[in-house]
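Asker: Residue numbers (my numbering), protein chains in the order written: chain A, 12 to 107; chain B, 382 to 493; chain C, 864 to 954; chain D, 501 to 813.
Rather than coming from a laboratory, the hints here were simulated on the basis of the structure. We treat Cβ as the ideally placed atom computed from N, Cα and C, and that holds for glycine. Please note that the accuracy of each hint is not assured.
[Said to hold, decoys possible] Partial pick of chain A residues on the chain D-facing surface, computed with a CB cut under 10 Å:
1) Leu-45
2) Leu-87
3) Gly-98
4) Val-100
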Amino acid sequence: MSLVMDILTICAVSAGALFFLAGTVGLLRFPDTLTRLHALTKVDNLGLGLIVLGLLPQTSSLLAVKLVIVWLLVQLSGAVVTQLIAGAVRQHGADG
Amino acid sequence: MNAATLFGLCGAALVGIGLYGLITNPEPLRKILAFNLLGGGVFLLFGVIARRAAVAGLGGDPVPQAMVITAIVVAFAATAMAIALVQRLGDETGRASISSDSSGTGDGEEKS
Amino acid sequence: MPSLLLGASIFVLLTVALGLFAILRRSADVDRLMAVQLLGTGGVAILLLLAVASETPPIVDVAVMLALFAAFAAVAFVRDASGASSEAKGE
Amino acid sequence: MSIASVFDVALVALILAIGASTILVRKAFAAVVMFVVYGLLLSIAWVRLHAVDVALTEAAIGGGMTGLLLLGAVARSRSVNVGGPWIGRPARLATCALCALVVAGLAIAMLHPPEVIPTLAPTVMESLPQSGLGNPVAGVLFVFRALDTLLEKVVLLLALLGVWSLAPDRAWGGMPGLHVYARSDPTLIFLAQLLPPVGIVFGIYMCWVGAKDPGGAFQGGTVLAAMWLLVIVAGLQKAPAIGRLWLRGLLVAGPVLFLAIGLAGWVFADAFLAYPAGYAKPLIVAVEAALTLSIAVALGMLAAGPPERAQQQ
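Extracted from the complex, chain A is given alone in its bound form:
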């Protein structure tokens, strides 16, 4: 059982880390602010989400609840903040 859990952890954490890499590549390569913002949100949602998912089997149940709450918090605030940034871009326009 613990082996299955460990494998789940390894897979999910690696996948989450890959999304962090993907987000960074997007930040480096995408041509304008809005598409870069799009890359950033993938890091928020999937990168952190998968890492939290991977960490869940390794922790006590109380801490696991806390981890999920942290993810939800980042998810919600991240979504709103990226909306705000996008609004600022639309209002002002952003160069390259």
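Let chain A serve as the given structure and place chains B, C and D on it in line with the hints.
Answerer: Frame of chain A, contents of chains B, C and D only:
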């Protein structure tokens, strides 16, 4: 080299970086920023001292850690005060600078 | 397992560093706002990995703190980057 | 090299790079963004130094609150003629040399720790059970060095008095000039309605858990202050005029309670700021709760700045 020494060197370097910014940059706001950066370096040195004094069951000596917490809050209060001073200076004289060769700052400097 | 989680946290730290570099070399203010958002998320991921790897649950609280204040700072940044603050216009 | 030290090296390199660019970058706005990033990174460094209490404080104050404070100043100074002459190259080189000397001195001190490292940790751990607390840092703050903590509150109030007294005479007693969003933005209002409940619960939790685990009145108070400022910045509520009685009452409530309990210590426990045996923990929790509120109001008002508009009545 252990982790504590590494962070100690980091703190030392941050003090240097902050000091450089504090001396060279003419804008008062940037000076305040540099001073806060310098402060962060000093706090880190304290943290290293605390970490080295760790005993069984504790990650570090709690006395320097408590002092750093106090220091961070006081640094914030001092920063707020400094910014208020700079803004008042700017409002009075029309320029946010503390260089001595500027004309018409007598009124502002008196207030600061 | 702890060393694997630590390895993952190093990887995340490096990608965040690279991402920060990518963001900060751009000159637009709006781009810079993303730096705080990226470090908020990346920092939370790093701290959660560290918390589980070192079995120190209080580090999760630091992650919550980081998330809250990254959002808080981002709101203030957007306010000033968009120049929409009432005072700045009014004066 | 162990895997943990790889992490530390990468973290230190990133902190130094961000720190240096905070100083070197041209625009003040960019420098403030860098500074917030620097504060958030430092809190990870504090975690690596096993100082979770400090990490919480640094993330909250070093990152978020100082950032807000500096940003307001930057936004305002745009209209002012900023800057004077940069110093010349020879002077800059001399400064460089001076800073290098300082760094070298500190680095030598760091590389050669004393043979016997002075520590108060065993003394703290020995005396901690008497206070009923589980968090040694809280023990130091509220039992062993309580006078420091009390005076720190006084410093906060003095700084606030200083900031307020910089107001022009016509604005005295009026509202702080905190920048708010000009147009109400539905997304922002959503955030300002969503985040504060979470933050308030977390702030109370921080204050409560501080007796046993990392956390405490400072961290809790800062979270509450940030949530208050968020609501104000989003335009959901106006900043209070500084003449309000409730505001001033809240500001002094914590220190006054602390002082009262300290004075009572003279009668019941033979020393100023001593707690009578067996009552230490409930008294400390009461002081912490009152201080959390006072710190929240004081930090919030400090970040909001001096009053600018006269009170409308």
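Asker: Each hint should be assessed against the structure and marked as holding or not.
Answerer: Do the hints match the structure? See the list:
1. Leu-45: Violated, about 15 Å.
2. Leu-87: Because about 6 Å separates Leu-87(A) from the closest Cβ in chain D, which is inside the 10 Å limit, the hint holds.
3. Gly-98: Result: holds, 7 Å to nearest chain D Cβ.
4. Val-100: Cβ of Val-100(A) sits 13 Å from chain D, so the hint is violated.
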